[in-house]
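Peer 1: The lines below spell out each chain.
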Amino acid sequence: MAYIATYQGKEHRVAIEETEAGNYKVRIGEELIEVDLIKARENIFSLLIENQSYEVDVDGIGRNLFSILIRGDHFDVEVEDEKVKKLAAKLGAGATGRQDIKSPMAGNVWKVMKKEGDRVEAGDVLIILEAMKMENEIKSPIAGIVTGMSAVEATGVGAGDPLCVIEPLEDTAR
Amino acid sequence: MAYIATYQGKEHRVAIEETEAGNYKVRIGEELIEVDLIKARENIFSLLIENQSYEVDVDGIGRNLFSILIRGDHFDVEVEDEKVKKLAAKLGAGATGRQDIKSPMAGNVWKVMKKEGDRVEAGDVLIILEAMKMENEIKSPIAGIVTGMSAVEATGVGAGDPLCVIEPLEDTAR
Amino acid sequence: MFKKILIANRGEIAVRVIRACRELGIGTVAVYSEADRSALHVRVADEAWCIGPPPAGESYLRMDKILEVARKTEAEGIHPGYGFLAENAEFAERCAQEGITFIGPNPRAIRLMGNKTTSRAAVAEMDVPLVPGMKENLIDEEHAQKWAEEIGFPLMLKAAAGGGGKGMRKIDDPRELLNAFRAARSEALKSFGDDAVYMERYIENPRHVEIQVLGDRHGNIIHVGERECSIQRRHQKVLEESPSPIVDEEMRRRMGEAAIAAARSVDYDSAGTVEFIVSGKTRDFFFLEMNTRLQVEHPVTEMVTGIDLCQEMIRIAAGERLSIEQKDVVIRGHAIECRVYAEDPDNNFLPTPGRIVGLRIPGGPGVRDESGMYEGFEVPIHYDPMISKLVVWGKDRESAIQRCRRALSEYIVKGIKTTIPFHARVMLNEHFIRGEFDTTFIDTEFRVEDAAREKPFEKIAVVAAAINAFRIDQQKAKAAMAGGETRAMNPWKMSGRTRALNNQ
Amino acid sequence: MFKKILIANRGEIAVRVIRACRELGIGTVAVYSEADRSALHVRVADEAWCIGPPPAGESYLRMDKILEVARKTEAEGIHPGYGFLAENAEFAERCAQEGITFIGPNPRAIRLMGNKTTSRAAVAEMDVPLVPGMKENLIDEEHAQKWAEEIGFPLMLKAAAGGGGKGMRKIDDPRELLNAFRAARSEALKSFGDDAVYMERYIENPRHVEIQVLGDRHGNIIHVGERECSIQRRHQKVLEESPSPIVDEEMRRRMGEAAIAAARSVDYDSAGTVEFIVSGKTRDFFFLEMNTRLQVEHPVTEMVTGIDLCQEMIRIAAGERLSIEQKDVVIRGHAIECRVYAEDPDNNFLPTPGRIVGLRIPGGPGVRDESGMYEGFEVPIHYDPMISKLVVWGKDRESAIQRCRRALSEYIVKGIKTTIPFHARVMLNEHFIRGEFDTTFIDTEFRVEDAAREKPFEKIAVVAAAINAFRIDQQKAKAAMAGGETRAMNPWKMSGRTRALNNQ
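Residue numbers (the working numbering), protein chains in the order written: chain A, -6 to 167; chain B, -6 to 167; chain C, 5 to 508; chain D, 5 to 508.
Treat the hints with care, as some may be off.
Stated by the list, open to error - Derived BS3-like pairs (lysine-lysine); straight-line CA-CA distance at most 30 angstroms:
id, chain 1, residue 1, chain 2, residue 2
1, D, K69, A, K32
2, C, K331, D, K331
3, A, K83, C, K480
4, D, K480, D, K463
5, C, K480, A, K95
6, D, K331, B, K32
7, D, K459, C, K76
8, B, K95, D, K480
9, A, K79, C, K482
10, C, K285, C, K174
11, C, K69, C, K139
12, A, K78, A, K32
13, C, K69, B, K32
14, B, K79, D, K463
15, A, K78, C, K480
16, D, K480, B, K78
17, A, K32, C, K459
18, C, K285, C, K150
19, C, K331, A, K79
20, B, K107, B, K95
21, B, K79, B, K108
22, A, K132, C, K241
Claimed, not checked - These stretches of chain C come out as covered by chain B in the derived footprint (C-beta under 8 angstroms, 3 or more residues):
id, stretch
23, 33 to 43
24, 48 to 56
Calculated from the structure, these hints are not laboratory results.
Just so you know, even glycine gets a beta-carbon here, dropped at the ideal spot from N, CA and C.
Can you build the whole structure from these sequences, using the hints too?
Peer 2: Below you can see the structure in the form of structure tokens.
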């Protein structure tokens, strides 16, 4: 299987073959490496790569998106099936300006600053969440119109819960 | 629901009703107690009984048999549905002298001392297991005839694996 | 000695106090809010009583409910931990009225030290050095201009009722003065319900160093060394150590004497902490405030002195004399505490409440875990995000840093992001290693250096992510196959079903 | 200092050495057998190499394979831990031949101290007290009778090549002598391949007390206090403490001098331990043997002295001078170590290999975890059943016992039974608390007292078991209902299916 793994905008082609249980032949770019992997426990892997030992903490944080923690550094890496990605690129699918704003954390909705139909600029505060004695402002990433607002003041939200939807100006102008 | 819980041969009738999630009204003998239970994690319960806090470690170790660990003491308690137990007692079921000897631990079979057809006395060593640099003798609990021997020298066994079967003398004599 | 103590707190500090009680053979009564039934302090106490809904105002701050539980359980003492009711003089008084021992200092000490103005006045009488500035509050603009001339620029404008960095502003230029005075006043009123402000000299390269004191109810007061607390994020301590890299034996003696004098000014009779601001340039030190409670960072002092401050505080409250004299206090080695917060250090320290699904606590020599969490624990959204503290000891500062680095590398918390990686990076920072920092360090220099750091394991991360995707795809394929053998052949539907099962 | 060290061991001691290396900035190479790919030492080392199949004879004892990995990885030193190759003089010599530093003493010291007869002869020259008895081996029956008269009864007959209590027998009566002599000889031949035996005086109320020594490669030797190791089960230590309840300052000085003399007799140049047998009656002490390696119980000494023995041992091997002098050694407080075995204390200490499915390590002040396990770890059946050590420190023995009790109450290992409950019960035993015990205590008095103990929580256990059964029944009923809605109605089949899913 071949994948395209993207970290901070840089794409790496990674081809993987399992030679025996837990042993992988991995080609990343031009480099060929052999990986001996043990699942030490759920989402924690012990990797031996050329006898170098790494403990790697892997969390799925979205579709095809993994948060990797190695020796104090986090890496958010997107991994897509090479074929699927090529097909998607050909179809030009998935590229829309619509922004689904999701809660970055569990907490309470303290204030809802905009309502449906409001026009917002990029950086405008949409919602203020509150958790653990701290307030956190949720800002609009783009200029546009609030076309959906599901956050309700004084109610709880979980991490990843939808809060509101912003349509970019061009789209709504159509 | 009512149960018969047996510890070291002593039977306790325990009637249980869940009044709300995690809250139980328990009648043990004549005594009525209220229990607030949280599953802190798999097989570990936090119990509040009249505001006394107990951490209880519960493991299933056989059909209806639970090993309970509280503050350094183990208790092996058998719990049976009262109705089922009464029915079983009426039918007189389950009482046979045949002994299925199971491995008390994971390890290797070091020596098989008896073979099928051998006559054994109570206390005779049947098999010697070995694990972690220690030998452990498996002895016959009764006098009888070895009617099955599944242990094979120099092979591994898991805890609970059948090792051999002893039929009591009366039975085989029939 | 007490037979039973009620612990009016939650989280790691409640667990800390329960452990101290257990080691002293004292029974423990935990109280908890409805959000905390599954909290560790409830599980490890002898008794536990629910005192109300999740908001602290309806539970952990409810004096009446807490005192009611104390009466019912016949607890002889109440330990307030830190935060909540720990520095509430009224609560200490109400305990006394009920005949229950408040495990802390006398109410007068709490009250006097709880206000910047009264505390400064009290310690000034004992010749404890104060930051050159005013002993009273500013009256009006003219008053402000007169004092500004006397103190000189840059100067600090502070709210009398403030704390934790709130209501403070630095003024560099005379022209900023009047606007700043007006703004500070209105801010102070809004934040603290009190518009009193005052001015003092701005200390360059300010470091925060505090002295731990112990006083008993027989008039004995000693100090047990200092803690360096300059590693702060947004004026909140995140890492503390003892001894301080800038304090030598002579300075420790002088600061210790000043701290004892400050404590004596209010007849201090418990464990307490005298905070000083120290100029990183001149090493002059000035009294800031006194915290009349056990501090979050008390373990570093315990590890270098061998004194159990929490036990000692309980003994004192029971009327015992201090078990050590000043000359018996010997500092051995060096200790560092890292506060572990449920916050994402790579995303602006956003809170990350949630369930701890995996946990590996570091072990080995010189490592101490002070934690209120456990595997399976749901970090509640209602309280402070500090979930545990990692404390290490080494024979000197270098050893302690290396050990801390090693311990952090072993620390795994799964399910939520924490500040553990942040601490790991602090331990590698050259300025930190050399001990060259002040209270602004983390928010300025470190932030820049940290952002520019190398990430040597990028390739490994990419490979690990790709293998993980590969394993998930294989599992899906396998599950689809297995389903296909026994059921109708719709692989798409099957794979959806499998995913649902796997997610259970 | 070394750049890289190979650790020729597994389990908790390999992890201990890796931690020491990491704290010293030294790279680490782990070796592992095929049974240990998922072991903790493999995960925490910088590099890891497989050296063969599970049996130690095919992996951890294979000098050739270990040396090959050392060459390949350019490791400059090899730390042998304890057990396996730790006291193998040939291995030390082969390391030297390869230009790799063996992190332990010189081979001659290992060889001389590895044999009872040669070690006794060596230390006798330095006037180290020996148990009154023979310095050579018994020749024949006549020789035995002559010596028995001289020593007097009761006496001990011992195998020269024995150790750990094997090949020892007590003789109370002259009439038993000749039969015992014959039997002991043949037993010694069978067990050790050597029929040499000798006789010595039987020590009443024997206690096992050992002195930790440190020697460097520049001729300096110091001692760093004693450890009390009399709490033994079947001649195996299960719990150790420092200091010993029967050793006072003067006795420590005398035992320390004797230990240094013993070490000097073989030019000892590493961390090592001189074991003494001490009469609980007279407090006379006699040399038993010297262990030329790091001991399992070294952490208790570390905790009371603040000296990191494992790091010190590495520094010495790198040619450094001892970093401390005898006068700098100060003992602070008291430490206790509990060895946690994968054994069932309520079932004759039967081994319990298996998977650790849940783990809660105790925390808080004065608690140190030295573990080779983790949640998810499968304890292999091929090696020693010791899976971790819990070490606690307190300001005195009473505090340490109370803290140990508290820590044990927090310790949870799920999936296998361990000796944790056994230790909890030792901590409550009156003889132990008073320090009144000898090496026979656990197998005799304690066993009886422990069996007769009260179990105050029987009712709670019965209730918990019944509620657990109730919860399982309810789950089954719920699952059967849920299944019944969407599928054919066969509740029995459904409940079977549900059970299978739940067990996944």
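Peer 1: Indicate, hint by hint, whether the structure satisfies it.
Peer 2: Going through the hints against the structure:
no.	hint	result
1	K69(D) x K32(A)	27 angstroms, holds
2	K331(C) x K331(D)	20 angstroms, holds
3	K83(A) x K480(C)	26 angstroms, holds
4	K480(D) x K463(D)	26 angstroms, holds
5	K480(C) x K95(A)	27 angstroms, holds
6	K331(D) x K32(B)	54 angstroms, violated
7	K459(D) x K76(C)	28 angstroms, holds
8	K95(B) x K480(D)	28 angstroms, holds
9	K79(A) x K482(C)	25 angstroms, holds
10	K285(C) x K174(C)	18 angstroms, holds
11	K69(C) x K139(C)	39 angstroms, violated
12	K78(A) x K32(A)	28 angstroms, holds
13	K69(C) x K32(B)	27 angstroms, holds
14	K79(B) x K463(D)	23 angstroms, holds
15	K78(A) x K480(C)	19 angstroms, holds
16	K480(D) x K78(B)	19 angstroms, holds
17	K32(A) x K459(C)	24 angstroms, holds
18	K285(C) x K150(C)	27 angstroms, holds
19	K331(C) x K79(A)	75 angstroms, violated
20	K107(B) x K95(B)	15 angstroms, holds
21	K79(B) x K108(B)	39 angstroms, violated
22	K132(A) x K241(C)	28 angstroms, holds
23	33 to 43	holds (count 3)
24	48 to 56	holds (count 6)
Taken one by one, the earlier hints fail for this structure at numbers 6, 11, 19 and 21, listed in ascending order.
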